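Protein chains in written order, with my numbering: chain A, 283 to 763; chain B, 5 to 490.
What the hints contain is simulated information worked out from the structure, not anything from laboratory work. Among the clues, some could well be false.
[Said to hold, decoys possible] Once the Cα atoms are required to be at most 16 Å apart in a straight line, the calculated EDC-like pairs of lysine to aspartate or glutamate come out as:
#1 A:624 x A:578
#2 A:664 x A:617
#3 A:761 x A:696
#4 B:86 x A:321
#5 B:237 x A:321
#6 B:415 x B:355
The structure presented is a predicted model; accordingly, all values stated were derived computationally and were not measured.
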Amino acid sequence: MEWETVIGIETHVQLSTQSKIFSGASTDVGAEPNAHACEVDLALPGVLPVLNREAVEKALRFGIATQATINQRSIFARKNYFYPDLPKGYQISQFEIPIIEGGSLTFRVGDVEKTINLTRAHLEEDAGKSLHEDFVGMSGIDLNRAGTPLLEIVTEPEMRSSSEAVEYAKTLHTLVRWIGICDGNMQEGNFRCDANVSVRRKGDNTLGTRREIKNLNSFRFLQQAIEYEARWQIEQIEDGLPIVQATVLFDPDSGETRLMRTKEDAHDYRYFPDPDLLPLIIDDDWLVTVRSSLPELPKSKAERYQAELALNGPDVASLVSTLEAASYFESALAEFDEQTIKPAAKLIANWMNGEVAAALNREQKDFSVCPVSPSSLSTLIKRILDNTLSTKLARLVFEELWGGALSVDDIIKEKGFTQMSDSGEIESYVDQVIAQNPQQVDDFKAGKEKALNSLVGQVMKLTKGKANPTQVNEILKAKLV
Amino acid sequence: MFDKTVKELGNALRRKEFSSVELTQAFLDRSKSLNGKINAFITFDEEQTLAQARAADETLLKGEPTHLTGIPIAHKDIWCAKDWITTCGSRMLENFRSPYNAHIIKRFNDFGAVIQGKTNMDEFAMGSSNETSWFGAVKNPWDLNRVPGGSSGGSAAAVAAGMTPASTGTDTGGSIRQPAALCGISGLKPTYGLVSRYGMIAFASSLDQGGPMAKSAEDLAILLEAMAGFDAKDSTSVNNKQVDYASSINASVAGLKIGIPKEYFSDHIAPDIQKAIELALKEYQKLGAILVDVELPTSPLSVAAYYVIAPAEASSNLSRFDGVRYGYRAPEYGDLNDMYAKTRAQGFGAEVKRRILIGTYVLSHGYYDAYYIKAQKIRRLISQDFMRAFQTCDVIMSPTTPSTAFKLGEKASDPVQMYLSDTFTIAANLAGLPAMSIPCGFDQTNLPIGLQLIGNYFDEAKMLATAHQFQRVTDWHLKKPPLTTA
């Protein structure tokens, strides 16, 4: 019997605003507990919420970037429940009419392109934190996080495997950082996923009973949790046991999910429109302004790079993985004309994904703070394209640049890295190699193409890498044929 | 001095007939000596009060005084005032000292007014008799065996008894107008959104509106000038141009069209009230006003709609009183849920608990559409009724209450009878319209009767002038209850 896993994801994206969604307090959580909890965050008697425009703007950016419907009139509602870190006894969220409905995200899983439809995205406030470990017999409450703006993004149940779910989450993670609405810090909980998982027999059109795995704050946990949960559900059904709709938690240590509460103990949140807040009205001008302030999106850039620059899929995927990488790529590319742009693009991509990425990784940096500037990299690429540098020499130049040197051409001059291009000089080395390697010469003449590579290698070694390998190749062939 | 209006006292202060400290001390002394009888005040804080009076005297001496500089004003204990105990009439907040100022408190401070004390009120403004206060019932100065009305009963009684020159109240379903009527003073509930709700402890957010209570319409105008105005901290605050209510108070009522809704003149009204209202309307006709019949067909549903919407919002607004961060916490409890349950069971009184239960019920899954949504539809119809009526009239008049002040305890055990005492006042809150009550006579037992004026949105200036014209030719608002101090 073949089984199919059905997954929908809800992601809480913390919007990177200066102040909280309904108060003027700072969203910086690094402070002393409750240092950033003002009278509104503490829910003192008589205080009132005022919506932060910046949070709305960030939600709009997301809606536009996913081609969603922006509801130009949306409603804030109160979700009522008691918990010590929920100071008002209700969370201000959106229920019946969210700011964003629909939209989609497209990504690749292996070679297959997949589009996942979004149900909605709504604005809400985060709760505070309960600290159960720090006080004996008591709990501490830190309300610094209370009132931090969140965008909750909900998908349709359209994913069919843990890897699709992870690719969706990664694509969303890239997008929210790309459009500047979230810092993406998963350890801090600024991007956290809930996965709704159910299983059904292949070909079955009805959805199985789902269980929701809460608060997954890494892609690895997301993958592990879904896989465990799906396996568990299949075993249950195969053992003739029912699946009860429930909320579960994933324990990374055991790799298992465990029951938090079933639908029976679910709260009746008694949602109703918050009378303290007027309907949120988005006028056309505001939409136009936000639309024009959005950067070109990763998907569009990727398509453009492939069509205009003839780059391949994998190259492009890494170039558009962050806005910083794409900007770096584009500024490096800006220094080439129409004639050289395609080979330059290929080389820049190779270098960015190779040498540069490796060096950045080593020092745990990203492209926004890369010690080698895009213009230095493009000079380096120019010197490769005009045959001044071999790849090997270029690597040496790059090391110098990384170490703090500024000018590619100065390094070439100072270190004598110039590629040998005088064919007379190369010929003398070629002659020397032919004389010293009669066996390989005979092999080549007998038809063994590989022998030529060995001879080229000998010449390169003799010239300490300064000869142009293509030129060596040509001269060797001319002499031997 | 205790008979004088805010306007008169302000003039006297600026003429240096007495200082603010002298004036304030006199009112403090009188209100303290009467408070045992009337229980109008929950909190006095003489030190803070006199400090403000001294500062006001400085301003009177060498600054730029306003109409309110140096005038002691009593505030309903629903307004948060920095460093003042702010109880909202509840055990839940018995020891809550506010670390911040409500918007209107800040405004009064800016105008140089003096906080004389915090007045008694029904617990969390839930009540029409001031009997639900944790701090005991307020007595009506006209008859100490009767209620002053509620929920702003302390504010109304304090003005009526000459314990303070003027006070503030809040009105969710009649809580300014009904006690004003029952105590024989003037009170105004402004248009929803005119006075910031920031720092007013919320009962039902979409209905709550703060307003002034005083001896005359003219005083109301002076107080409203300080209270009204845009506040960025209240999203429902309206950003209108500031109006000078005092300067337009002499506008004539000649040609004014007064709408008379037949729904508000039913058999349920006490005959004395009926008579007093008719005489008041005759007085207006003498001044040149014209009476026109208007219809408010949905208004009989207003009490029912109100007792769905107001408790629904209250059940959520009062969730913050959970014993976690401030306020009362039960001294003994087991786990977290037990702490919540005991804290709220002990901290809230019966009427508050009743409304939390009603509100929780009507918002619950499966009942929401039948109650809450239905009530909101009725609310819209009520507003539409008024809009239709205001096409043919400038102001609507009716009795403020169906009866004069009732006996303490008379309706305390019958919530529905209690709720019906707001039957004429609630519709204005549901529609968000400005409404006021002014004294217009007495019944046979010498209890005051109130005339209600309901105006169109932001028509406060016209309403105040209309009330003032009546007070120029009548003296009901000048009558004093027969009280002896100490």
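Taking the hints in turn, this is what the structure says about them:
no.: 1; hint: A:624 x A:578; verdict: violated, 21 Å
no.: 2; hint: A:664 x A:617; verdict: holds, 9 Å
no.: 3; hint: A:761 x A:696; verdict: violated, 34 Å
no.: 4; hint: B:86 x A:321; verdict: holds, 12 Å
no.: 5; hint: B:237 x A:321; verdict: holds, 12 Å
no.: 6; hint: B:415 x B:355; verdict: holds, 13 Å
Checked against the numbered hints above, the structure violates hints 1, 3; every other hint is satisfied.
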